[in-house]
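S.K.: If you read the sequences in order, they're chains A and B. In terms of the numbering used here, the first sequence opens at residue 6 and continues consecutively. In terms of the numbering used here, the second sequence opens at residue 6 and continues consecutively.
One or more of the hints may lead you astray.
Stated by the list, open to error - Pair by pair, the computed Cβ-Cβ distance ranges are:
#, chain 1, residue 1, chain 2, residue 2, range
1, B, 117, A, 343, 46 to 56 Å
2, B, 74, A, 163, 55 to 65 Å
3, A, 26, B, 400, 47 to 57 Å
4, B, 49, A, 226, 47 to 57 Å
5, B, 77, A, 197, 49 to 59 Å
6, A, 269, B, 12, 42 to 52 Å
7, B, 395, A, 348, 52 to 62 Å
8, B, 49, A, 27, 27 to 37 Å
No lab work stands behind these hints: they were computed from the structure. Just so it is clear, the structure is predicted and the values come from calculations on it, not from any experiment. We treat Cβ as the ideally placed atom computed from N, Cα and C, and that holds for glycine.
Protein chains: 2
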Amino acid sequence: MIAIGTLLLMVPAASTGTSLGVIDALFMSTSASCVTGLSVLDISHGLTRYGQFVILVLIQFGGLGILTISTLVLMMVRKRPTLSGQALIKDTFTYGEGKQTASAVLKAIFVTAFCIEAAGALGLYLRMAPETGWGRAAYPAVFHAVSAFCNAGFSLYSDSFVGYREDWAVNAILSVLIIVGGIGFIVIADVKKRFMERKTVVRRLSLHSRVALTASAVLILVGAAAILVMEWNNTLAPLSVPGRIMAALFQSITARTAGFNTLDIGIMANETLFFLCILMFIGACPGSCGGGVKTTTVFGLWVLGISRLRGYTHPQVFRRTLTEASISKATSVVMVSMAVITLAIMVLMMSELGGFSHTQTRGRFLELFFEALSAFGTVGLSTGVTETLSEMGRITIVALMFIGRLGPMVIALAVSRERISRVHYAEENIMIG
Amino acid sequence: MIAIGTLLLMVPAASTGTSLGVIDALFMSTSASCVTGLSVLDISHGLTRYGQFVILVLIQFGGLGILTISTLVLMMVRKRPTLSGQALIKDTFTYGEGKQTASAVLKAIFVTAFCIEAAGALGLYLRMAPETGWGRAAYPAVFHAVSAFCNAGFSLYSDSFVGYREDWAVNAILSVLIIVGGIGFIVIADVKKRFMERKTVVRRLSLHSRVALTASAVLILVGAAAILVMEWNNTLAPLSVPGRIMAALFQSITARTAGFNTLDIGIMANETLFFLCILMFIGACPGSCGGGVKTTTVFGLWVLGISRLRGYTHPQVFRRTLTEASISKATSVVMVSMAVITLAIMVLMMSELGGFSHTQTRGRFLELFFEALSAFGTVGLSTGVTETLSEMGRITIVALMFIGRLGPMVIALAVSRERISRVHYAEENIMIG
Ligand SMILES: [K+]
Ligand SMILES: [K+]
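Based on the sequences and whatever the hints tell you, model everything.
M.R.: Put into structure tokens, the structure is as follows:
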């Protein structure tokens with residue numbers, strides 16, 4: 006898909022200026038397919054309507070593809086589900102028949118995604134149409150609804166949504182699309198089931214859904230509060246107080262994967278950029294269009310840390326014990342991700358900062374660090390360095406987007422294999438701390 | 006001890022210029038007691054011989070104190086040791102009598118430390134004396150031997166050991182002192198026992214010792230190779246090829262806690278600084294004078310990640326299975342440490358970069374990031390920003406040195422309590438990746 010996208014974007018009709026080179030077309034195609042949203046050019050002016058349409062199609066198929074694959078992978082992994090795990094799958098996917106098939110899941114995902122995107126597009130259309138005219142409003146409404154639900158972060162405006170930063174309706178519609186697109190299909194199905202059930206006994210949500218919803222809510226609120234404090238006198242300064250709260254909230258929501266922005270990332274304070282890096286690393290929920298190491302991964306490790314600090318042997322949360330398998334997976338995903346990012350950052354620094362004295366280029370460290378985390382988390386926020394990257398730098402970012410897209414899932418899948426060691430070695434402590 | 010040191014350093018006789026203020030004296034006293042080595046002033050010129058002597062005493066007692074406490078804590082923790090764990094303690098500390106007491110351990114530590122420091126001081130004295138005269142060489146030889154063994158990183162030269170960067174003897178003596186001081190007393194005792202035994206059956210080293218020795222060796226060699234590549238045309242450029250290898254090796258050895266330098270940290274490449282940050286975070290081995298989250302912690306998580314990726318349920322290394330308790334501790338230590346460092350970095354950025362536009366101060370991000378990790382890992386390397394820190398920044402660094410010194414140990418200790426949960430909740434998976 007990336008290859009086809011690359012070819013389609015290299016056609017002269019795709020760009021307004023000269024045709025895109027291989028690396029730039031590859032970059033844009035990967036960025037769209039992986040729903041990242043980083044751009045080596047301004048798609049609002051640099052690409053023709055045809056080129057933008059290619060991007061839109063890549064986003065839509067990339068987003069749905071990752072949604073489907075990750076959902077199926079998560080279902081496959083649970084070969085030996087616990088009691089409540091089994092209940093979850095049955096409740097979620099059987100829809101009464103008693104047997105869930107891949108094609109049924111596929112259909113459910115496509116129908117859900119289409120309905121949500123259509124509703125979002127309609128909302129945006131109704132909001133925009135009075136200003137831009139009923140005919141011209143349709144295309145951006147559809148583009149942005151798809152881009153938001155798929156957490157792609159591509160925008161037809163060169164400043165993303167800075168122009169709409171005080172528009173409550175646009176902010177609200179985009180936020181809902183982003184959150185729903187990033188929470189994961191399994192959670193959506195679980196919640197839907199929960200509220201549509203007419204049984205007398207109220208079924209509780211699965212542990213996974215509760216963890217995903219709680220983690221997302223906490224991250225959004227804490228993120229917004231932190232951004233509010235750190236940017237109050239900086240990028241938030243020109244806004245009214247409710248406007249500041251809205252902008253901080255929007256930035257907190259989009260930073261974990263969507264990648265839209267209503268504030269100027271390039272002039273944000275260092276501490277805010279560093280904080281956004283952490284949000285970008287965490288990312289969205291598993292089984293969604295979002296990237297990062299995933300909210301549940303970080304939540305699991307956090308619960309483990311806190312439980313152990315309180316002296317409990319097993320990680321407990323919401324009156325459940327997390328399985329050792331979940332914790333091991335989480336540790337592997339985080340460790341490998343950190344190693345990959347570290348390597349990529351070093352490559353980027355060597356490829357981008359070669360020719361200058363190191364004390365002069367200190368400032369670019371944070372920008373490249375930010376860029377690498379944005380690519381890995383398929384977020385797409387940037388301080389503006391994307392267009393200035395060298396060829397080596399662009400290739401590194403392409404690799405990082407690709408690894409960030411599939412890596413955590415592949416690692417979790419690999420970790421799920423159960424290989425019985427022929428020899429069981431004696432246990433022995435090592436000293437820690 | 007920190008308080009007494011602060012008072013002693015505030016006396017006018019301690020400094021060559023005006024007396025130190027409370028915060029500066031507190032900073033220096035904490036830095037010395039925690040064997041960190043960060044300085045708000047150049048101790049070679051800013052402090053009198055008396056002031057330097059106070060620093061020396063603080064280093065010696067701080068280093069021995071942390072060595073003793075951490076060794077005793079590690080021994081205490083093993084209330085329910087595994088079979089081979091029990092063997093280790095008995096073999097290591099009983100010295101034939103059959104019962105180890107805290108005072109016996111204390112004595113063994115003091116004797117070992119004194120012998121090693123005396124040997125190091127003698128070596129340095131013999132090397133230096135022909136140049137500086139037999140009388141004047143004694144004081145720096147003792148100071149630097151103590152500073153190296155305690156991994157303190159204080160030097161009587163304003164450029165640390167840059168002047169000796171091509172001196173094989175000085176490099177070798179300091180390196181050995183640093184490595185022995187950072188490997189941990191338990192490992193020293195274990196190795197000593199291994200080679201002094203006259204039994205016909207050769208006893209293997211404990212898993213802990215093998216992990217500690219392997220991790221240290223790998224980190225030193227990989228670190229040196231990385232520094233060699235990244236700094237070849239930069240700070241290493243003026244040296245001969247063997248000189249470059251020696252300098253890279255020395256920098257790799259000192260970065261994980263000692264904090265001496267023979268290269269100019271301030272003009273290093275961004276990628277090198279970032280890489281050194283990782284080494285500083287990892288730190289030395291538990292039960293030593295060194296800081297950081299500890300080599301065995303990172304090694305344990307690495308083994309878990311690799312074992313799980315290969316499909317094994319349990320983390321296996323050297324024909325042993327790591328206990329779940331070790332892994333849980335390691336996860337807690339790393340998670341909490343990262344949270345503390347993140348918080349400190351944000352405070353530092355807010356306290357230090359307040360008055361300037363953010364695009365102008367981008368460059369200071371990496372320097373403050375480096376400074377925070379250096380303080381947390383009680384390393385003492387600096388790009389040179391220590392002296393320019395605001396009061397708030399100095400207090401943050403003091404707090405970070407203190408937390409970095411005791412934190413990992415306290416966390417590991419807290420995690421070791423075993424509290425039996427009254428209710429055992431059902432296990433349930435969450436989805437990861
Ligand atoms: K995105
Ligand atoms: K040190």
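S.K.: Hints first: check each against the structure and report whether it holds.
M.R.: Verification of the supplied hints:
1. 117/B to 343/A: 46 to 56 Å: violated, 36 Å
2. 74/B to 163/A: 55 to 65 Å: holds, 59 Å
3. 26/A to 400/B: 47 to 57 Å: 52 Å Cβ-Cβ, so the 47 to 57 Å window holds.
4. 49/B to 226/A: 47 to 57 Å: Once the Cβ atoms are compared, 51 Å apart, the range 47 to 57 Å for residue 226/A and residue 49/B holds.
5. 77/B to 197/A: 49 to 59 Å: Once the Cβ atoms are compared, 57 Å apart, the range 49 to 59 Å for residue 197/A and residue 77/B holds.
6. 269/A to 12/B: 42 to 52 Å: Holds: the Cβ-Cβ distance is about 50 Å, inside 42 to 52 Å.
7. 395/B to 348/A: 52 to 62 Å: Because 35 Å falls outside the window, the suggested range is violated.
8. 49/B to 27/A: 27 to 37 Å: Since the Cβ atoms of residue 49/B and residue 27/A sit about 57 Å apart, the hinted range of 27 to 37 Å is violated.
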